[in-house]
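These protein sequences, in sequence, are chains A and B.
So the first sequence is numbered by my numbering: it starts at 1 and just counts up by one.
So the second sequence is numbered by my numbering: it starts at 1 and just counts up by one.
Source of the hints: derived by calculation from the structure; they are not laboratory data.
Treat the hints with care, as some may be off.
To be verified - Below, a list of computed lysine-lysine pairs in the BS3-like style, where the Cα atoms sit at most 25 Å apart: (1) A/Lys7 to B/Lys95; (2) B/Lys95 to B/Lys107; (3) B/Lys107 to B/Lys69; (4) B/Lys95 to B/Lys56; (5) A/Lys65 to B/Lys69; (6) A/Lys65 to A/Lys7.
As the list claims (entries may be wrong) - Which chain A residues stay away from chain B? Per the calculated CB distances, all over 10 Å, these: (7) Thr44; (8) Gln51; (9) Thr79.
Virtual Cβ for every residue (Gly too), placed ideally from N, Cα, C.
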Amino acid sequence: SAVISQKPSRDICQRGTSLTIQCQVDSQVTMMFWYRQQPGQSLTLIATANQGSEATYESGFVIDKFPISRPNLTFSTLTVSNMSPEDSSIYLCSVVVGDTGELFFGEGSRLTVL
Amino acid sequence: SQQGEEDPQALSIQEGENATMNCSYKTSINNLQWYRQNSGRGLVHLILIRSNEREKHSGRLRVTLDTSKKSSSLLITASRAADTASYFCATGGFKTIFGAGTRLFVKA
Chain A
1 SAVISQKPSR DICQRGTSLT IQCQVDSQVT MMFWYRQQPG QSLTLIATAN QGSEATYESG
61 FVIDKFPISR PNLTFSTLTV SNMSPEDSSI YLCSVVVGDT GELFFGEGSR LTVL
Chain B
1 SQQGEEDPQA LSIQEGENAT MNCSYKTSIN NLQWYRQNSG RGLVHLILIR SNEREKHSGR
61 LRVTLDTSKK SSSLLITASR AADTASYFCA TGGFKTIFGA GTRLFVKA
């Protein structure tokens, strides 16, 4: 298993600003993912955070809008840049531990953009 | 894009009743997983069923998988008010893709 800490847990942001979300895992993991969950919706994969190289983004998500860092095997950040109200969502960090494909999630960061 | 489609979208039952949620998916899978989310918080893994399994149990949970129909179901027996949550199916692999989810409300 894995214990994941995400910060901040929630924030209210002004339009046009940027916010960085941190994800800390209590063990070294290879696979780390960032998801977005818009209000009342399911989870959508933003990107896979790769240690030592650029993140791999899913269709519809770009690095300029969602820059990701992965400096080591226990930590990652996701920045939501130049925010608009449409970015109001829960952002979730998750990791895979072991070979089952089971995901462990942080508690999420709930962003509200005014 | 979302892999799984779930129905119903919402389900309201009385405590003690059984709750059944269904999930359909589009592509071949290695396994299918079910997750639970309480009130917009992080997801918790409930159960994983591999593509060569047809049924799996865990406590009050029973999951079935029909790969010929590309569908799965999650049954929660003897539901409790604390089971009120959103339930998502997800197809495993390199990138896990989540279904739309079912919102379950269990009335005490």
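Here is how each hint holds up against the structure:
1. A/Lys7 to B/Lys95: 23 Å, holds
2. B/Lys95 to B/Lys107: 35 Å, violated
3. B/Lys107 to B/Lys69: Status violated; Cα separation ~32 Å.
4. B/Lys95 to B/Lys56: With Cα atoms ~23 Å apart, B/Lys95 and B/Lys56 stay inside 25 Å; holds.
5. A/Lys65 to B/Lys69: 39 Å, violated
6. A/Lys65 to A/Lys7: It holds: about 19 Å lies between the C-alpha atoms, which stays within 25 Å.
7. Thr44: Incorrect as stated: the minimum Cβ-Cβ distance to chain B is 8 Å, not above 10 Å.
8. Gln51: The claim stands: A/Gln51 keeps its Cβ more than 10 Å from every Cβ of chain B (closest is about 16 Å).
9. Thr79: At about 20 Å from chain B, A/Thr79 clears the 10 Å cut-off, so the statement holds.
In this structure, the hints that do not hold are numbers 2, 3, 5, 7, in rising order.
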